[in-house]
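Colleague: Listed here are the chains, written in short residue letters.
2 protein chains.
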Amino acid sequence: MNATLLTVGDELLDGDTTNTNARWLAAELAERGVTTERVLTVPDETDVIAEATRRYSERFDAVVVTGGLGGTPDDVTMDSVAAAFDRELVENDLARADVERHLEAIADDYPELNVDVAAEAAIPAGSRPLRNPVGLSPGCVLENVYVLPGIPSEMKGMFERVADEFDGDVDSRYLYTEEPEASLIERLNEVRERFGVRVGCYPDREAGHNRLKISDSDGEALAAAEAWLRDRVVLSG
Amino acid sequence: MNATLLTVGDELLDGDTTNTNARWLAAELAERGVTTERVLTVPDETDVIAEATRRYSERFDAVVVTGGLGGTPDDVTMDSVAAAFDRELVENDLARADVERHLEAIADDYPELNVDVAAEAAIPAGSRPLRNPVGLSPGCVLENVYVLPGIPSEMKGMFERVADEFDGDVDSRYLYTEEPEASLIERLNEVRERFGVRVGCYPDREAGHNRLKISDSDGEALAAAEAWLRDRVVLSG
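Line by line, the protein sequences are chains D and S. For the first sequence, the positions run 1 to 237 when UniProt numbering is used. For the second sequence, the positions run 1 to 237 when UniProt numbering is used.
Simulated from the structure, these hints should not be mistaken for laboratory data. If you're wondering where the values come from, they're calculated on a predicted model, not measured in any experiment. Certain hints may be false.
Some but not every residue of chain S turned toward chain D, in silico, with C-beta under 8 Å [to be verified]:
no.: 1; residue: Met1
no.: 2; residue: Asn2
no.: 3; residue: Asp14
no.: 4; residue: Glu37
no.: 5; residue: Thr46
no.: 6; residue: Leu175
no.: 7; residue: Tyr176
no.: 8; residue: Thr177
no.: 9; residue: Pro180
no.: 10; residue: Arg192
no.: 11; residue: Gly196
Where is the CB? At the ideal position from N, CA and C, for every residue including glycine.
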C-alpha cells in the first residue's frame, strides 16, 4: 500500500509554520509498512486542492489531506474535496451532534460564540464522517481520501481513529557507520543491485556518523542485504 | 514573482526527517516578497524528480530544488535536473576546483577518502555552478531552476549566494486577537471582498489568541485593509 500527503495552508507556504504534520503522518504510515510517495503543500485555493486531490486519489492507494477545516474564509478544504469528486457538501447528523456537543463544552469559555453549525457539520455527500476528539471541525473519508484537521492535536487524535485502515508490507533496517559517505558508494551500489533493496545514506554531523537505511517489502531480501552490509561496513553505535 | 520548492529525499517521505528546509526557504522567499506556490517532496527517483522539475519550471517563475546531491546511489538530483532539460552532466572547472579545495581541507580528518572528483563536479551542461561554502557538493542554476544541497547548513550557505535573484512585491501584515475564530468569519470575509487582499486566520492555542494575516502586492489596499480591520477587531498583544 502506498499513500500521499496533501497538506493545505498558506501558513506553510509562507514559512510561518514548519510542516511537522507531514513528518508525523509519514512516520505513522512507515510504521504500518505504508510508503509515502509524495508530500505536497498547496495554498488555500479550491481549484488547486481539488485538482491535487483528484490526481493523487487516482494514482495512489490512499491520500491523507490535512488542514483548512473550519469556518474562516481560508478554510476551503471540505469544499475542495467535494469538488474533486463532483459531490455536494451536506450536513451530516453524526458530525452535527459532535459539533453541538463540542460547542456546549466550550460555551462557558466563549459565551458570545456564534457558529454556523450546519456549515461546520457539512461533509461531502456519500463520505464517512470522522469524529474530532479534540476540536470543533469533523473530518471525513471519501473513497480513498482521508480529510483531517491541520491543528496537530486534532489531526493526531483523528488519525488514530483510522490508523488501522493503513496497512502495508515495507520494512526497514538502519545501520550506523563512521566511514565517510564517499568511500561507501561502491558497497551501497552493490547491495542495492544484488538484493534489489532501497538504500539511503544520511550524514548525521552531530552524531558524527552516517546512517544507512535499507528498505524492502521482501523480508528475506532485506535480511540478506543487512547481513551482507554488516560483514562489509565498519559499524558504530 | 512566484516560486515552488521541490524537496528531494526518501528520508522526508519516511518521516525520519522534518522538512525544516522548506520552511526556511519559504520564509526567505516571503521576506523578499516572493510567493511560494507549492512545496512538493518526492522520493530519490530520477523520473519523478525530472518530471516535477520540468512541470514546475514551465508553470512558475522559479523552482528551488534541495536534496539528493553527492555521490551515494540515492543522490540522483543532478542527473534528474539534467534529464528534465535534456542535458548531459558535464564536469565544471569552477566546481572541480571547489571540490578539490574542500577535499584538501578535510584530507587530514579522512585520510582514506576516495572521491570521484569528476562525478562530484558534474553539473548539467549549460548551467551555472553554485559554490558550496560549507560542504563538498556544488549546486547549479539551470534556466529558472536552482539546485541546492539538502544538508541545512550547506543549503543556507548556498541560498545566500543567490538570494538577491529572488525578488517579488507581496507584503503581509499580522494582527492578533483573542476573539474566537468563529465569530470573526463575517469580518474576514468582508475585508477580503472589500480590499481584495488574501486573508488567513491561525489559532495559536499556546499564546491564547488568533493570528490574522493579510497579504497583497498592492500596498495601498493592504494598508486600507489593515486599518479597516483594526477598527473592527479587538486586538491583543
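Colleague: Now tell me if each hint is right for this structure.
Modeller: Outcome of the hint check:
no., hint, in the structure
1, Met1, "violated, 14 Å"
2, Asn2, "violated, 10 Å"
3, Asp14, "holds, 5 Å"
4, Glu37, "holds, 7 Å"
5, Thr46, "violated, 14 Å"
6, Leu175, "violated, 14 Å"
7, Tyr176, "violated, 13 Å"
8, Thr177, "violated, 12 Å"
9, Pro180, "holds, 5 Å"
10, Arg192, "holds, 6 Å"
11, Gly196, "violated, 13 Å"
Against the hints set out earlier in the document, violations occur for numbers 1, 2, 5, 6, 7, 8, 11.
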